[in-house]
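Asker: Line by line, the protein sequences are chains A and B. Anchor point for the first sequence: position 220 equals 220 in this note's numbering, and the numbering is continuous, going up by one each time. Anchor point for the second sequence: position 244 equals 244 in this note's numbering, and the numbering is continuous, going up by one each time.
One should not assume that every hint holds.
In the EDC-like style, the derived pairs of lysine to aspartate or glutamate whose C-alpha atoms are separated by at most 16 Å in a straight line are [said to hold, decoys possible]:
| id | chain 1 | residue 1 | chain 2 | residue 2 |
| --- | --- | --- | --- | --- |
| 1 | A | LYS275 | B | GLU227 |
| 2 | A | LYS231 | B | GLU228 |
| 3 | B | LYS116 | A | ASP48 |
| 4 | B | LYS201 | A | ASP225 |
| 5 | B | LYS201 | A | GLU30 |
| 6 | A | LYS275 | B | GLU222 |
| 7 | A | LYS275 | B | ASP119 |
| 8 | A | LYS231 | B | ASP40 |
| 9 | B | LYS201 | A | ASP163 |
| 10 | A | LYS9 | A | ASP115 |
| 11 | A | LYS231 | B | GLU222 |
| 12 | A | LYS205 | B | ASP119 |
| 13 | B | LYS109 | A | GLU227 |
| 14 | A | LYS208 | B | ASP119 |
A partial selection of chain A residues facing chain B, derived with a Cβ cut-off under 7 Å [to be verified]:
| id | residue |
| --- | --- |
| 15 | GLN89 |
| 16 | LYS235 |
| 17 | SER268 |
| 18 | CYS272 |
Residues of chain A placed beyond 10 Å of chain B at every Cβ, according to the derived structure [unchecked claim]:
| id | residue |
| --- | --- |
| 19 | GLU32 |
| 20 | ASN255 |
| 21 | ALA276 |
| 22 | GLU283 |
If you're looking for bench data, these hints aren't it; they were derived computationally from the structure. All figures in this text were calculated on a predicted structure; none of them were measured in a lab. We put the CB at the ideal spot given by N, CA and C, even for glycine.
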Amino acid sequence: MNSKKINKKDLKKLLDTWRRDFNLIVPVLENEVITMDVWDGKDTAFIDWYRNTVVPPKANFLPPGEKMISFEKKKDGIVLEIPRNGQRQIIFGVRPCDARSIAIIDDVFTETYEDTYYLSRRNNTIVIGLSCNSPYDSCFCTSLNINPVESAHVDLLFTDIGDDLLIEEITERGKGLLNMPDTIKKATKADTEKGQALKDSLAAKVTKQVNVKDMEHRLQACFNDREFWEKAAAKCIGCGICTFLCPTCFCFDINDEMLKKQGARYRSWDSCSFKAYTRMPMENPREERWRRVRQKVCHKYQFLPANLGVTACTGCGRCIRLCPVNWDITQVLAGVPQKEAARSAK
Amino acid sequence: MEKELRKQANRLLEEGTVDCIIGHAQGSLKFTTTPLITGDKTEISNLIISPFMHNNLANYLIRRHGKTGIVAKGCDSRSIVSLIQDKQVSRDAVVIIGVPCSGLVDMAKLESLTGKVRDQIEAVTVAGDKVSVKLNGKKKEYPARQVLFDHCLGCEFPTPQEYDCLIGEPVAAINDTELSSKKIADIKKMAPQDRWAFWQKQFSRCIRCYACREVCPACFCERCFAEESQPHWISPVPQWQDNLVFQVIRTIHVAGRCSDCGECERVCPQHIPLRLLSREMYDLIDEMFHYKSGMDKNAPPLMTAYEMVEAEGLIR
């Protein structure tokens with residue numbers, strides 16, 4: 001693989017160049033919350049303090065709320081207008097876990113139908129990865145076979161190797177962004193070796209582990225074990241943090257809002273943790289809390305593996321570190337009995 | 001203290017006085033605790049008392065069946081009493097194990113003081129009015145007032161007001177209302193248009209995860225106006241105006257029930273300073289109705305009763 005490098009001091013120059021052609025999104029710290037927002041062009045200090053965002057990158061393609069269509073009744077008929085999205089953008093600083101999550105929801109929004117709202121943003125976005133040099137104590141990406149220095153699903157991968165950032169060119173789109181011979185140099189053998197060594201040392205920093213081997217079938221076998229799920233759900237308060245902030249959760253709700261003769265149709269994030277989830281056709285089929293908790297776990301580790309062949313969890317740990325009651329999915333998964341030991345339906 | 005707590009919890013289960021104990025256990029991450037809800041005596045040894053026992057466990061009494069033993073700090077006990085006043089919980093159905101509380105550590109404050117994130121801090125110990133922190137092998141001491149939650153600094157009743165047994169001795173309140181309400185005083189000083197801009201900015205971040213509502217023992221409604229669709233009182237789409245209206249209505253709904261436990265603000269993943277609203281309402285209730293929530297289980301809920309003293313300045 002071709003590797004290049006840039007001195008950290010020159011990163012600002014590079015971002016300045018990109019900013020001319022793209023809407024450039026970088027990690028921003030505001031009100032003690034790390035978020036992804038338009039770069040103000042001031043500095044690149046985030047490279048040192050940034051760990052990961054609260055809101056995952058899905059929000060760039062599937063915003064918490066968006067207008068799908070607006071309509072107005074006029075004399076000669078109804079006028080419809082579909083908003084146009086899809087400004088060319090670069091997201092700089094996506095961690096390997098989150099890069100995987102983008103690939104997972106790409107599948108969701110293209111597999112059975114093509115979601116034009118999602119794709120108009122997604123197709124116009126270049127994703128630039130940044131190796132994770134400071135995993136949280138809630139992170140368990142390595143259990144999902146993700147390395148903190150992982151180049152999958154990004155256009156370029158930047159890795160902090162000290163004074164320089166190592167750049168791995170992954171896609172042609174990414175490669176095209178590096179045409180700055182005075183600041184971007186060819187990486188030496190020593191540089192790439194440093195990057196290689198980080199694969200082991202950073203993976204060792206991910207201390208939380210969970211064995212997810214055969215989880216799809218283990219969950220299938222204990223699906224009707226009400227006692228297990230009631231215990232797993234006992235302390236859950238049923239808020240939307242773990243699902244809204246999960247990088248692979250994608251459920252949305254659609255609502256029309258009207259005022260006299262005009263209005264709009266919106267979609268907004270929805271969560272299977274909510275009691276009012278899917279109440280619009282009739283009622284939520286998962287009346288009790290434990291059924292909703294089971295849905296959340298099984299959707300990630302049983303249903304999507306069965307339907308799309310992918311585990312919808314990246315071990316980013318948001319659901320653990322942001323949970324109001326420290327509901328910890330790794331503890332629940334660890335408690336799922338081996339297939340043979342599963343109790344039968346009660 | 002923990003030994004005594006476990007002894008009491010064990011006794012309650014053993015005697016069959018309760019079929020379930022709700023308390024705090026060590027969390028899976030550094031400086032976290034997690035609610036322990038169990039009827040299993042073997043799990044009682046996991047019960048802890050800690051400066052990180054943030055959760056207001058009264059929340060778990062709502063729609064719970066059977067008889068429950070519950071660990072309660074001062075604010076939690078007031079929430080329980082408030083639920084009793086609202087007839088959501090029967091006094092006979094709970095055994096309150098009171099735990100006097102010297103204040104909880106606000107990790108966000110500690111993070112900004114140390115410049116480190118929670119999991120990069122090695123150890124935190126609270127001793128009297130000092131909090132000592134271990135960072136890179138070195139110890140550093142901070143006055144507790146810099147590290148405890150704002151709501152703990154302004155707590156009037158750190159010792160439970162209602163209990164069946166009390167673990168340890170009552171503790172004195174810090175009751176530093178000036179420090180506790182400094183942020184409220186600051187926004188009151190703002191020009192109205194600046195204050196409006198401030199709230200617009202804060203509520204622009206809201207993603208409507210409803211953690212503030214779900215964690216709140218005073219928010220016990222089975223159906224919330226926020227999800228009603230005929231009509232839509234507020235739009236389900238997160239926009240700052242609707243987010244703000246949601247929180248304002250919620251604040252009014254919990255007026256006279258809120259014990260200023262601070263959970264709504266602590267759990268907000270977007271760090272929206274919700275206590276600026278809830279504590280202001282708490283103080284307004286005190287000022288207008290001479291009422292403090294959750295102090296008397298036999299009193300009618302604030303909004304269901306009228307007394308002549310309320311007339312001053314209220315009805316014009």
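Asker: Hints first: check each against the structure and report whether it holds.
Answerer: Going through the hints against the structure:
Between LYS275/A and GLU227/B the CA atoms are separated by roughly 10 Å; this keeps the pair inside 16 Å, and the hint holds. At most 16 Å may separate the alpha-carbon atoms for a hinted pair to count; LYS231/A and GLU228/B exceed this at roughly 30 Å. The suggested pairing of LYS116/B with ASP48/A holds, with an alpha-carbon distance near 12 Å, which does not exceed 16 Å. Straight-line distance between C-alpha atoms of LYS201/B and ASP225/A comes to about 46 Å, which puts the hinted pair past the 16 Å bound.
Distance restraint check for LYS201/B and GLU30/A: the Cα-Cα separation of roughly 11 Å lies within the 16 Å cut-off, and the hinted pair is therefore satisfied. For the hint pairing LYS275/A with GLU222/B, the CA-to-CA distance comes to about 9 Å; that is within 16 Å, so the pair holds. A distance of roughly 33 Å separates the Cα atoms of LYS275/A and ASP119/B; the hinted pair therefore is violated under the 16 Å criterion. In summary, the hint linking LYS231/A to ASP40/B is supported, as the alpha carbons are separated by about 12 Å, within the 16 Å threshold.
With a CA separation close to 36 Å, the supplied pair LYS201/B and ASP163/A exceeds the 16 Å bound. Distance check on the hinted pair: LYS9/A and ASP115/A sit about 40 Å apart at the alpha-carbon level, beyond 16 Å; violated. About 22 Å separates the Cα atoms of LYS231/A and GLU222/B, which puts this hinted pair outside 16 Å; it is violated. For the hint linking LYS205/A to ASP119/B, the alpha-carbon distance of about 12 Å falls within 16 Å, and the restraint holds.
Between LYS109/B and GLU227/A, the direct Cα distance comes to roughly 40 Å. Violation of the 16 Å bound is thereby established for this hinted pair. The hinted pair formed by LYS208/A and ASP119/B meets the criterion: a straight-line CA distance of about 13 Å does not exceed 16 Å. A hinted interface residue such as GLN89/A counts as satisfied when its beta carbon comes closer than 7 Å to some beta carbon of chain B; here the least separation is about 20 Å, so the hint is violated. A least Cβ separation of about 4 Å between LYS235/A and chain B falls short of the 7 Å threshold, and the interface hint therefore holds.
For SER268/A, the interface hint holds, the least distance from its beta-carbon to any beta-carbon of chain B being 4 Å, beneath 7 Å. Because the closest C-beta pair between CYS272/A and chain B is about 13 Å apart, greater than 7 Å, the hint is violated. Remark: the non-interface label on GLU32/A conflicts with the geometry, its nearest Cβ contact in chain B lying 5 Å away (cut-off 10 Å). Distance check on ASN255/A: its Cβ comes as close as 6 Å (rounded) to a Cβ of chain B, failing to clear the 10 Å threshold; non-interface status is violated.
The Cβ of ALA276/A does not lie farther than 10 Å from every Cβ of chain B; its closest approach is about 4 Å, which violates its non-interface assignment. The beta carbon of GLU283/A is kept farther than 10 Å from every beta carbon of chain B, the shortest such distance being approximately 12 Å.
The structure fails to meet hints 2, 4, 7, 9, 10, 11, 13, 15, 18, 19, 20 and 21 from the earlier list, while all remaining hints are met.
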